[in-house]
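In the order they appear, the protein sequences are chains D, F and L.
Heads up: the first sequence begins at 1 in the working numbering, then just goes up one per residue.
Heads up: the second sequence begins at 1001 in the working numbering, then just goes up one per residue.
Heads up: the third sequence begins at 2001 in the working numbering, then just goes up one per residue.
Everything labelled a hint here was simulated from the structure, so no lab data went into it.
Think of the CB as a built atom: it goes at the ideal place given N, C-alpha and C, for glycine as much as any other residue.
Every clue listed holds true.
Just the calculated beta-carbon pair ranges, DEER-fashion:
1) Gly19(D) / Arg1054(F): 42 to 50 angstroms
2) Arg110(D) / Asp2872(L): 34 to 42 angstroms
3) Ser68(D) / Gly2804(L): 31 to 39 angstroms
4) Val1355(F) / Gly2355(L): 55 to 63 angstroms
Chain D regions said to be covered by chain F (calculated; three or more residues, Cβ under 8 angstroms):
5) 7-17
6) 82-95
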Amino acid sequence: MTRSVRKPAILLAVTAYFGVLLLIAAGLWVSWQRAGIAPDQPIAFPHTIHVSKLNLPCNFCHIYVDRSRHAGAPSLTTCMSCHRAIATDREEIKKLTRHYEEKRPVEWNRVYFLPEHVYFSHKRHVKAGVDCSECHGKVGTMKKIRRVGALTMGWCVSCHRARGAPLDCTTCHK
Amino acid sequence: MASWGNLQPLSSEFYSLLRHGLFLVLFFHLPFLGFLIGGSALSLLLNFLGKEKRDSSYLRFSQELMRTVLMSKSALFIFGLVPLLLVWFVFARVLFDASPLPWPFWAGILGVLLSGFALLSLYRSARGRAMDLSPMTAATGAAGLLALILAFFLFSAGYGILFNPGKLPLLQKQIRFFLSWNGVVKFLLFLAFFFGMTGGAILLLCGRTAEGGEGTGAEYRGLVHRFGGNLTLLATLVLPVFLLFDLVTLPEIALSAEVFVSSAVVLLLSLAVCLTLFLFDGKGEGGPGARVVFLFVLIFLAILLHDDAAVGNAYQDRIAFLAMQEAAVEAEPGKEARPEEPAAAAQTGTDAGKVVFEKVCAGCHRFDIRVVGPPLNEVVPKYGGDAEKLKAFLREPVKVNPDYPSMPRLGLPEEEIDAVARYLIETVKTGGSP
Amino acid sequence: MKRRDFLRVLGILSGSTLLSSCGSRKTKDFVSSVLPPEEGVIPGEAYFSPSTCAECPAGCGLSVKRREGWPIKLEGVPGHPINDGGLCIRGQSSLTRLYHPKRVEAPMLRNGDGKFQAVSWEKALSLVSESLAGSRDAGRKNLFLSGRTTGSLSLLIDAFCGKLGVERLPEFEVYSHSAVAEANGLLFGERDIPHYRIENADFLLTVGADILATHVSPVSYTRKLSRARIRGDFRWIHAEPHLSLTGVNADRRFVVFPGREAVLLAYLLRQVLERGPRRHGLPREAVNALPRFSVENASEKTGIPAEELAELSNRVTKARFPLVIAGGISTSHRRGLEVAVLAGMIQWVTGQIPGLVDFARNEKYGGTGTFRDMEALSARLSRGEAGVLFLSRTNPVFSLPAGFAFRENVRKAKLSVAFGDLLDETIKEADLILPLSHSLESWGDVEPRRGVVSLVKPALASLHDTLSEGDMLLRLMGAVSGEGPATGYREYLFAEWTKRFGEKGKDALLRDGFVEESLPEKRVTLNGGKASAFLKETAAEGGEPKAPVLVLAPSLRTFDGRSRGLPLLSEVPDPLTTISYGRWLSVSPGTAKALGVKDREEATVSSGDWSQVLPMKIQPGLAEGVFVAGRDFVDSPPLRTEERTGEATWYLEGIRIEKSGKVAAIPVLSGSPSQQGRGLIPDPSHKDERHHHGKESLYPEHEHKEYRWAMAIDLALCNGCSACVAACYIENNVPVVGKKDHLKGREMSWLRIEPFYGEAGNVDFLPMLCQQCHSAPCETVCPVYAAYHNPEGLNVQVYNRCVGTRYCSNNCPYKVRRFNWFWHLWKKPLDRMHNPDLEVRAAGVMEKCTFCVQRIRAAKDRAKDDSRKVRDGEVTTACAQSCPTGAITFGNLLDTESKVYRLAHLTRAYRVFEGLGTNPSVYYLGGAKGGPEREGHG
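Between the sequences and the hints, there should be enough to build the whole structure, so can you do that?
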C-alpha cells in the first residue's frame, strides 16, 4: 500500500469532513433566520419616533403592561387619536387609517415568543421594577423591533437568580 | 430608564473606538501570545520526549523552538505588553465598571501574565545555554506556561462577556456570570488556532539550521516537519468545530449574515490548510510552511472579522441609543435627554388635570420643547390665563401655527377639559416645566 | 453549554431541525383591536358575568368565567337564592353544550327527499308565517308545545300565541310532579309544588323524592340539607323502592315497594294524630276514613321492621320541625295520589304549613302539563287537527311511550317547527328546525321559584347563526304582521324588568344576576271536606305492581335524558355503579344469583310486547325483585298514565328477564365495591391504626415558609353527586377520552368518586384526588425531576419536563396520576373551552391534580399586588367551589386561623393509607352518615 493510493482517499475524507461542518454552519444560519428576530410587521411602526422623539412612556400604548400578564397592543382608536391629524400623508399611516375605517384589526407578527407551557406576567415584572429595556432592549432605537432577550429558560433563570426572584417551577411552568 | 451598568458615561465614539482598538490589539497580540503558548508548550513536550527517548534531536528541536517563539525582550515588550495594556484598558473600562470584580482581581491577571512571561524567558535562556535541563528549569517553564494559559483563559472569559451585553447588569449583581460558555469556547478556539499557527511556523522556520553535522540534518528536518505538519493538521481539524460552537453560544442578537459568512470563510480556509499539508508535504524549500502560515493569517483575520461583526451586532442598539442621546443633548444644551416624570404639579390642586395631561396631551406636547405640537410654555401664555378661551380651543381645536400639524379633536368630557385647562395655566404660571 | 443549545446542535446534525423549525411565527394573538375592550375587561385576566343555567328546570344562578371574551368555566353564584354557589354535574357540563361540535348551526328545512338543508332566517320565518295563516284558513289549529317555561319568556309566548292565534299547550316535562301538585290542589287549593325549607327542619322523611339528584331543584335542596346537617340535631330518613343517590345519603334508608308508601304514611299520620305535635286537627270523618294499621301489619305491609317503624314514628312525633316530602317514584304509580295527599296531610297536621312548607314561594309547576295532556295532544295530531306545531326545548318523541305514537303523529302536522340546539329525536322528526342560542348566548330571565327571578345574560355573541327563543318569537310576530320585529328581545326584557322591578330593581338584576322579591306569607287551610271525601273513596293499599318491577329512575347525569348529548356527562361515571359509558340494568345480588346472571351479562328485559337488551350490573343494596334502569336508558317504554293525576308510572311491572350469556363490555371504573377492610373510610374506632407504621424517611424534611396548601373533605357531607369531577375536567383541560380507553382503564379524570358499599347496603363516597403527599412516592422515582415537591407543599408535575416513564404512576398508592396515551384533540369549537392558565398536555405526558395551582398562582398574584399574604378562603379549587354540599375545604395549613387547619385538627380527621407514611395533605373527615352524633362540621 503506497501513499499514491492513500492520498486521494484521505483528501476525500478531509473534504467530506469540512463539507459536513459547512452544512452545520448553514443549518445554524437557517435556524437563526427562521427564528426571525426581526420579522416584518403589517404596519412598519417606528418605535424610534414614538419612544425616542416623542418620549411616550411604554404604557402609553401598551396599557395593560402593569395590569395584566399581557402588555397588550394598543387599540386602533389610540393610534388614531393622534394620527387622525398627524402625518396622515405617510404611506404607513394611510394603511393604519384603512384598517381603522374598514374595522380590520391589525394582526402583528410576534417578536417575542413563549411556549404554551410557560406562564409569564408582564405585570409582576413591571411591578418588581424590571425595566422594559432589560428584556426588550432599547426599542427607542429600533426602526423595526428586534428580539433582544433570548427568552430561553436559562436566560430567565439567570435573571431570577440574580434578583432573588422565586425559582420554583410553578412560578413559570403551567 | 436603562440600567446597563455604570457604563453611562461611555459615548458611542468610545464603542467604535473600543471595537477597532480591540481588533488591532487582538491582531498583534494574539499571534504573539499564540506563538509563546504554543511554542513553549511544544518545547516542554519535546524536552520531555527527548528525556524519555534519549534522543538529542528532540531536545535540540525544543531548544530551537524556544529561540524562535520567544524572540527578544523588545518583542516581548512590543507584542506582549503594550497591546496587553490596551486590552487591559478596554476590559477595565467595560467589564470592570460593570462587574463587581475588585482591582486586585484585574491586577492579579496582569501579574499572572507578567510572571508567565518572566518565567518563560528564564526557561528560554536556560534552554539556550544547556542541551539537557534540570527538572527545576523544566518546572519553571511549565509554571510559566500554565500562568500564561490561566491569564489567557481569564482574558477569554472577559472577551466572551463582550458579546453578551445583556449579561452586564447581571454581572453587576453576581460574579458567577463572568464565566460564560461563549468565553470558554472562545478560549478553546484561540488555543486551537495557536497550535495550528505554531505548527505552521515550525514548518516554515524550524529545521533549516542544521547545526552539528550534515548527517543528522536530514532526519532532524524530517522529525521537525513531521511534527509541525501533524500539529497543524490536528489543530486545523479541531478549530472549525469550536467555531461552530461559538456560533451556537453567541446570543441571538450578536448573530448576522456577516458573522455566518466569515465563519464559512474560516471553514474553507481550514480546508485549504489541510489540502496544502497533503499536497506539498515535507519537500524542504517547496514545503507547505509559507503557504500554511499565510493561510493561517487569513484564518485569523476571518475569525477577527467574525468577532468584530458579532460585537457590532451585540451593541448596535446601545450605540444607536447613545448616539441619539448625544444628538438630543446637543439639541437642547443643559437639558437632560429625557424629562423626569412631572412631579411638581402633584402637590398643586390640579392633579386631575395632570392625569388628563399625561394621558392625552403628553403624547404630543411638552412644556419646554417642540414635540409634535408646540412647547406649551410658548402657546399657553397666549391665552393670558383665560381658562374659558383655552377650554374653547380644547373643545374645538383650530390650526393656529401653520408649521405644526393641526391638533385633533379630543372629544374629552367637559370636566376633563376644565381640569386640564386649569392645570395647563397653573403649570405655565409656575414657571413652565412641571 | 446550555441544554437547549446542545439539543439544537443535535437537531441540526440530524437535519431534522431544518424542517421542524418551519413552524411559522405568525400567531394571530398579538392584535391591535379596532376598539378598546369593554370597561373592566383586561386581556389576559379572567372576569365573571352572571347568567342562569338552562340544563334543567331548576334555574341555578351561574357566574360565567371568561377569558378574552370566551366562557371557559361555569360556577355557581354565591348567595343565589336557588343554588348559593353550588352547581351540579349537569350545570358544569352545560358549557360543552355551548361549544358542542354538533350544534344546529342554521335554520334547517326538510326538503323533498326528507333531508335537512340550511335556509336563511328570512325564508324560514316567512315560511312559518305563511303556513300559520294557511292552516288557519284550512281550519287547522296552530299549536305551541314547550318544555317548562317561566319568567318573561312565558309571558312573551302567551303574547305570541294570542297575537297569532296559536293555542299554547300545557308545558311538557317528564318529571312534572303532577301527583304532588294534584294533591296540593285537592287539599289546599294550590296546584303546585311548594318550597320546602329543609334547612329549618330537625327531622326529614323523604318518600321517593330524589332530592339530591333530580327532584325539582336538587342543588337548592342539597345546600339546604347540608345546612341542616351541619347544624347537627338533624335526622333524615328516606324510603324508596330502588337505590338512588338520595337514598344512600340518608341517615337511614328503607326499601318500600311501590304502592306501599301510602301504608307507611297513613300509619305515621295516625301516629301523629294520636301522640304527635299536632297543631291542626282533621275533620272527624277524615280521621275515620283514615285506614288504621297496627305497627305489626304496617311493618308487614311496608316491609320495614316493626321496631324501626316504631322508632320512625317516635322521631316524627317527637320532632319539633318534622318535614315529610313525597315525590318522584313514590307518587307516580296507582297509589301516587294517596301518597302525596297523606304526605300533605302530615305536613298540615304537624303544622309545618306555612313554615317548612311554603306555598308563597312555590316552585311554579302549575303550568306544567301531564302525560294525559300529551296523550290528548297525540290524539289531536293523529286526527290531523294540527296546522303549525311548535316544539320548543322538548323531546316528547324520546320521552313518551311508543304507544302514544307521537313520532308518527308529529308528521301529521302541516308544519312541525322545532326549536332546539342539538339534533334529538323530536327535532329529527320536525319539518323545520329553528336553531336556539345557548343560554350563554342569549338574553332572558327565569323565575324557577315564585319571587326569585334569575338573569340570563349573554356571555358571548352567538357562535352560529342562531337566535334566542325570545328574538325568534318577536321576529316571527314581526314577519306575520309584516312590519318586522317591534323590538329585540333585549329591549323587550329591559322594558319588562323596569315594569316589574323599577329602574333600581332592573339594575340590581343586571348587577347581581338575580332578584328576590319579598312575598307576603301565604296562609293555606286544609279543605277538610275534599280531604275526607278523598280518603273515603280510596283505600291506602291495593293495586301494587306485580314483582319483578323495573324502576325507571331519573338519571343524575342526564336528568330525563335531555343531557345525553353532552360527552362529558358520559365520561364522568355514575357515582353508584362507577359505569361511565353505556346503558345498564341494575340488579340486586340475590336476584342475580337466583337468575344465575354474571355481572355485566346482557339480558333481554321485556314487558308486554316491549323489550330491550341491557347488560345487568349487580348492584349491592338493591331490594330483591327490583330492577333499576336509568330513564334515559330505555327507549319509549310502555309507561301507563295514572288516571287521576295524569302522572306516568315510573316502573314496568311483571317484567321478564332472559339472559343471553353474553357479557357486555361496559367500563366499570372502580376497582372494587368494597374497601376490602383497608380502612379507607375508617369509622372512628380504628383511628389509632394510623400509627402502626414508623414514619422514618430517607429524605430530608421539606420545610414550608409561607403556605402549605391542604384540603379537608367531609365524607359525612359528600353525597357523591360528582359535580366536583365535572368541574375538575373543565377547569383543568382534562381530555374526554371515550369508551374505548375507559375499557382499557385509561380514564383521565384527576378526581374520582369511589363508592364503598357496607354490609348494611349503606354507601360511603370517597372523593379521591392527588393527596399532595408530604413524602411522596411519585417524586422520588422520577428520573427527570418532572415530579417534585414545591415549597408550598404541592406535588408539582412539570409537564414539559415529563418524558413519560410512568414510574410515578406505578409508585402512587392512590392511583391518581393519569397518562396521556394519545394526543387528545378537542373537536372545534370545544377547544374554545380551554383554560389558558393551563397547558393542554401532550401525548406521552403524565398529568395529575395540583390543587388547581393556576388558581393559587392567580390568588398569590392578586395578594402580591397589595403586598400581603393570600387570605383564607381567597383561593379555592374548582372542586371545592362547585361542591353543592360544601364538603370540600381548601386552604393554608400553616395559617392556624384557617378553616382547613381547624378541620384537619378535628378528631374525625384522618388521611387515607396513613400507615404508608406518605403524609398526605388531603384530610378526610370520617364518620359514616347518620352515625353516632358527631362533632360539628366546618
